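Chains as they are written, first to last, in my numbering: chain D, 1 to 187; chain F, 1 to 187.
Among the hints, erroneous ones may be present.
Now the stretches of chain D that chain F is said to cover, found in silico as 3 or more residues with beta-carbon under 8 Å [as the list claims (entries may be wrong)]:
1) 19 to 26
2) 30 to 37
Pairs of lysine-lysine residues, derived as BS3-like cross-links and limited to a Cα-Cα distance of at most 25 Å, are as follows [stated by the list, open to error]:
3) 89/D / 66/D
4) 66/F / 123/F
5) 3/D / 176/F
6) 145/F / 3/F
7) 79/D / 66/D
8) 145/F / 66/D
9) 66/D / 176/F
10) 179/F / 165/F
11) 164/F / 145/F
12) 165/F / 176/F
13) 89/D / 66/F
14) 66/D / 164/F
15) 66/D / 123/D
Since the hints were made in silico from the structure, they are not lab data. From a predicted model like this one, the values you see are computed outputs, not experimental measurements. A virtual CB, placed ideally from N, CA and C, is assigned to each residue, including glycine.
Listed below are the residues making up each chain.
Number of protein chains: 2
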Amino acid sequence: MAKRYEIRLAGSGGQGLILAGIILAEAAGLYDGKFVCQTQSYGPAARGGASKAEVVISDEEIDYPKAIQPDVLLAMNQKSLDTYLSDLKPDGLLLVDATFVTEIPATGAVAIPFTRIARELGKEMAANIVALGALATLSGAVTLKSLRTAVLARVPPGTAELNKKALAAGIAAARKYLKKSATNKIF
Amino acid sequence: MAKRYEIRLAGSGGQGLILAGIILAEAAGLYDGKFVCQTQSYGPAARGGASKAEVVISDEEIDYPKAIQPDVLLAMNQKSLDTYLSDLKPDGLLLVDATFVTEIPATGAVAIPFTRIARELGKEMAANIVALGALATLSGAVTLKSLRTAVLARVPPGTAELNKKALAAGIAAARKYLKKSATNKIF
Chain D
1 MAKRYEIRLA GSGGQGLILA GIILAEAAGL YDGKFVCQTQ SYGPAARGGA
51 SKAEVVISDE EIDYPKAIQP DVLLAMNQKS LDTYLSDLKP DGLLLVDATF
101 VTEIPATGAV AIPFTRIARE LGKEMAANIV ALGALATLSG AVTLKSLRTA
151 VLARVPPGTA ELNKKALAAG IAAARKYLKK SATNKIF
Chain F
1 MAKRYEIRLA GSGGQGLILA GIILAEAAGL YDGKFVCQTQ SYGPAARGGA
51 SKAEVVISDE EIDYPKAIQP DVLLAMNQKS LDTYLSDLKP DGLLLVDATF
101 VTEIPATGAV AIPFTRIARE LGKEMAANIV ALGALATLSG AVTLKSLRTA
151 VLARVPPGTA ELNKKALAAG IAAARKYLKK SATNKIF
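Modelling step: build the complete structure from the supplied sequences, incorporating the hints.
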């Protein structure tokens, strides 16, 4: 991984992106031993129901804690994709919740129905954890072991089993995507 | 309040300061309608069990999201007080948990036993909410109404009653302090 790695998580309020940002930051900072800054901003936009969290991971101390040109954009709805796509690094990873994002940009995206997967597990609110599993698998930003530890340390008591399943489902969906894209390249 | 108002919350991991930072940021950003940046940093220090969250509140868009010279320092233990005191603005508000902080600097501090108060309410982990009640009362950084809304939106289900009591206890302790210091000034 490069010295500085920037991740932006965007969607609507209630999709659990602030918690997702904290879990990602704790996975990298407390368990992977990196320097991490985790930021969320609120302003007039937030009152419209938008939510955004950023995580900057580095091997060195971090001077500027906000994402400048994200390496990863997780867009949990169409509006956040439309708003933030232009900031993404040209070869960056675009990950979208296919449950809500219907217009994929011409440059492509990894589209996985995080919310539908979480619903099928019995709890729509776990979509953020499904997304984290996929994001970590595809980006390598944090180790899966640290992510799992961080998830279990932060989710509400009594939801550990559900969240373990959500994480595993996200990892499986991402692996399925990787396998499929490898096959596409070969044939 | 000045255009830019900086708050640093510091203590040990497990004292709930990251959640406290988010609650404070949401009170200011979602309910008081301010611009807010909320940051937490992790690095080698975090592995030693230290925890720090920062909230910057402004009437205008925020360029630099980290605290430069905090207007408020909440120190939940002695080590965090010793580490961060020198950054505090000369006329800034120093608020310490008197349960754990025994050496108050010569320049003074508002010392309230947040953890002991929370313990007496039956849940030591609510010390962060007691502290938020006092911090908001003494600093005016967020309105008490917005703080209450933000607390109830973020604490785990089933803990609303306890956290309402914790918030009220923090507000009462701060008001008692204000009354006492007013009396001291008059006589």
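We went through each hint and held it up to the structure:
1. Closer than 8 Å: that is the beta-carbon criterion, and the region 19 to 26 of chain D has 3 residues meeting it against chain F, so the requirement of 3 holds.
2. Against chain F, the region 30 to 37 of chain D contributes 6 residues with a C-beta closer than 8 Å to a partner C-beta. That satisfies the three-residue criterion, and the hint holds.
3. Simply put, residue 89/D and residue 66/D have alpha-carbon atoms about 14 Å apart, close enough for the 25 Å limit, and the pair holds.
4. The suggested pairing of residue 66/F with residue 123/F is violated, with an alpha-carbon distance near 31 Å, which exceeds 25 Å.
5. At most 25 Å may separate the alpha-carbon atoms for a hinted pair to count; residue 3/D and residue 176/F exceed this at roughly 50 Å.
6. Straight-line distance between C-alpha atoms of residue 145/F and residue 3/F comes to about 21 Å, which keeps the hinted pair within the 25 Å bound.
7. Between residue 79/D and residue 66/D the CA atoms are separated by roughly 21 Å; this keeps the pair inside 25 Å, and the hint holds.
8. Under the criterion of a C-alpha separation no larger than 25 Å, the hint pairing residue 145/F with residue 66/D is inconsistent with the structure, at around 30 Å.
9. Distance check on the hinted pair: residue 66/D and residue 176/F sit about 40 Å apart at the alpha-carbon level, beyond 25 Å; violated.
10. Taking the CA atoms of residue 179/F and residue 165/F, the gap is near 21 Å; set against the 25 Å cutoff, the hint holds.
11. For a cut-off of 25 Å, the pair hint linking residue 164/F to residue 145/F stands: about 12 Å separates their Cα positions.
12. At roughly 16 Å between alpha-carbon atoms, residue 165/F and residue 176/F fall within 25 Å of each other, so this suggested pair holds.
13. Distance hint between residue 89/D and residue 66/F is fulfilled; the C-alpha atoms sit about 24 Å from each other, no more than 25 Å.
14. With a C-alpha separation of about 33 Å, the suggested pairing of residue 66/D with residue 164/F is violated against the 25 Å cut-off.
15. Distance hint between residue 66/D and residue 123/D is unfulfilled; the C-alpha atoms sit about 31 Å from each other, more than 25 Å.
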